[in-house]
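Trainee: Chain residues, written in single-letter form:
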Amino acid sequence: MNRPRPFFLDLLAIRLPIGGLVSIMHRASGALLSLVIPALLYGLMLSLRSPEDFASVQAFFGGWIGSLIGLCLLWALLHHLFAGLRHLGFDIGWGEEKLRARLTAKLAMAAAILLVGLVALYNLMNAGGAV
Amino acid sequence: MRHVGGSHRGLDMWLLQRASAIYMALFLPIFLICALTAGPLDYAVWHGLFDSLSMKVASFLFIAAMLAHAWIGLREIFIDYLHCASCTLLRLALYFAFAVLYLACLVWAVDILWSVR
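The listed protein sequences correspond, in order, to chains G and E. Numbering follows my numbering, in which position 62 of the first sequence is assigned residue number 62; successive positions increment by one, without gaps. Numbering follows my numbering, in which position 98 of the second sequence is assigned residue number 229; successive positions increment by one, without gaps.
Derived by calculation from the structure, the hints in this document are not laboratory data. Cβ coordinates follow ideal geometry from the N, Cα and C atoms, glycine included. Just to be clear, a hint being listed does not mean it is correct.
Using C-beta positions, here's what the derived DEER-type ranges look like [said to hold, decoys possible]: (1) G:Pro17 x E:Gly179: 16 to 26 Å; (2) E:Arg140 x G:Asn126: 45 to 55 Å; (3) G:Cys72 x E:Asp211: 39 to 49 Å; (4) G:Trp94 x E:Gly179: 35 to 45 Å; (5) E:Val238 x G:Leu16: 14 to 24 Å; (6) G:Gly66 x E:Ser246: 33 to 43 Å; (7) G:Cys72 x E:His214: 37 to 47 Å; (8) G:Gly93 x E:Arg248: 24 to 34 Å; (9) G:Ile113 x E:Asp211: 24 to 34 Å.
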């Protein structure tokens with residue numbers, strides 16, 4: 001029997017629970033990080049090759065487009081890391097209860113955003129000091 | 132007896148995903164501490180950080196773990212979203228393309244790390 005089943009996929013109306021949000025962002029950040037690996041290796045190569053290339057990498061991440069890219073990647077890394085640690089907890093049976101899972105989801109999300117905010121603030125203050 | 136190749140590989144990959152995750156989660160904070168305590172980060176300090184064989188090996192393992200982790204993660208995404216009947220070939224092509232890309236990255240990483248001397 002293949003009766004047509006109700007189908008509802010209005011992405012603007014669907015509200016994900018916090019655990020679902022952290023989970024899909026874990027996936028999205030992982031995909032983003034996977035795709036930028038070659039670019040990051042290129043940056044590592046330049047940074048280690050010569051003082052001039054090191055300076056150009058530094059200048060790139062010091063400029064506002066570069067620092068925006070850097071902060072986005074840092075957020076992706078931190079969110080992926082914290083959400084991943086949460087999933088490792090689930091693997092050993094820690095934090096699976098509803099309330100605790102919600103709490104750790106909020107913590108993972110908040111920690112990543114907070115740390116990126118701190119780094120952004122630090123960058124701004126340093127840039128202000130250099131000018 | 133049926134031999135369906137996928138089932139055991141799935142468990143291996145599940146395990147490798149966790150193992151690589153744990154290694155990266157341990158390496159990153161240690162590396163960060165090493166970098167932050169090495170002094171103000173100029174070229175000499177950054178370059179010197181990768182001078183020792185232990186740092187080269189540890190960093191290489193990090194990059195290898197990252198590449199394996201990324202490949203398995205992307206495979207998971209492709210499996211979830213590309214499951215129409217005619218998508219099998221596309222999926223296999225994507226596995227192949229990323230395997231080639233990431234293996235090239237692995238060799239490149241060796242060259243980058245071991246050219247520090």
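Trainee: For the range 33 to 43 Å, tell me whether the beta carbons of glycine 66 of chain G and serine 246 of chain E fit it or not.
Mentor: violated (24 Å)
Trainee: Using the Cβ atoms, figure out if valine 238 of chain E sits within 14 to 24 Å of leucine 16 of chain G.
Mentor: Distance hint for valine 238 of chain E, leucine 16 of chain G is violated at roughly 40 Å.
Trainee: Falls inside 35 to 45 Å, the C-beta gap from tryptophan 94 of chain G to glycine 179 of chain E?
Mentor: holds (40 Å)
Trainee: 24 to 34 Å was suggested as the range; check whether the CB atoms of isoleucine 113 of chain G and aspartate 211 of chain E agree with it.
Mentor: holds (26 Å)
Trainee: Do the beta carbons of cysteine 72 of chain G and histidine 214 of chain E sit within 37 to 47 Å of each other?
Mentor: Violated, at about 30 Å.
Trainee: Do the beta carbons of glycine 93 of chain G and arginine 248 of chain E sit within 24 to 34 Å of each other?
Mentor: violated (47 Å)
Trainee: Quick check: does the Cβ-Cβ distance between arginine 140 of chain E and asparagine 126 of chain G fall within 45 to 55 Å?
Mentor: Distance hint for arginine 140 of chain E, asparagine 126 of chain G holds at roughly 48 Å.
Trainee: Quick check: does the Cβ-Cβ distance between proline 17 of chain G and glycine 179 of chain E fall within 16 to 26 Å?
Mentor: At roughly 48 Å between Cβ atoms, glycine 179 of chain E and proline 17 of chain G fall outside 16 to 26 Å, so the hint is violated.
Trainee: Note whether the CB distance of cysteine 72 of chain G and aspartate 211 of chain E lies within 39 to 49 Å or breaks it.
Mentor: violated (24 Å)
Of the numbered hints stated above, those contradicted by the structure are hints 1, 3, 5, 6, 7, 8, listed in ascending order.
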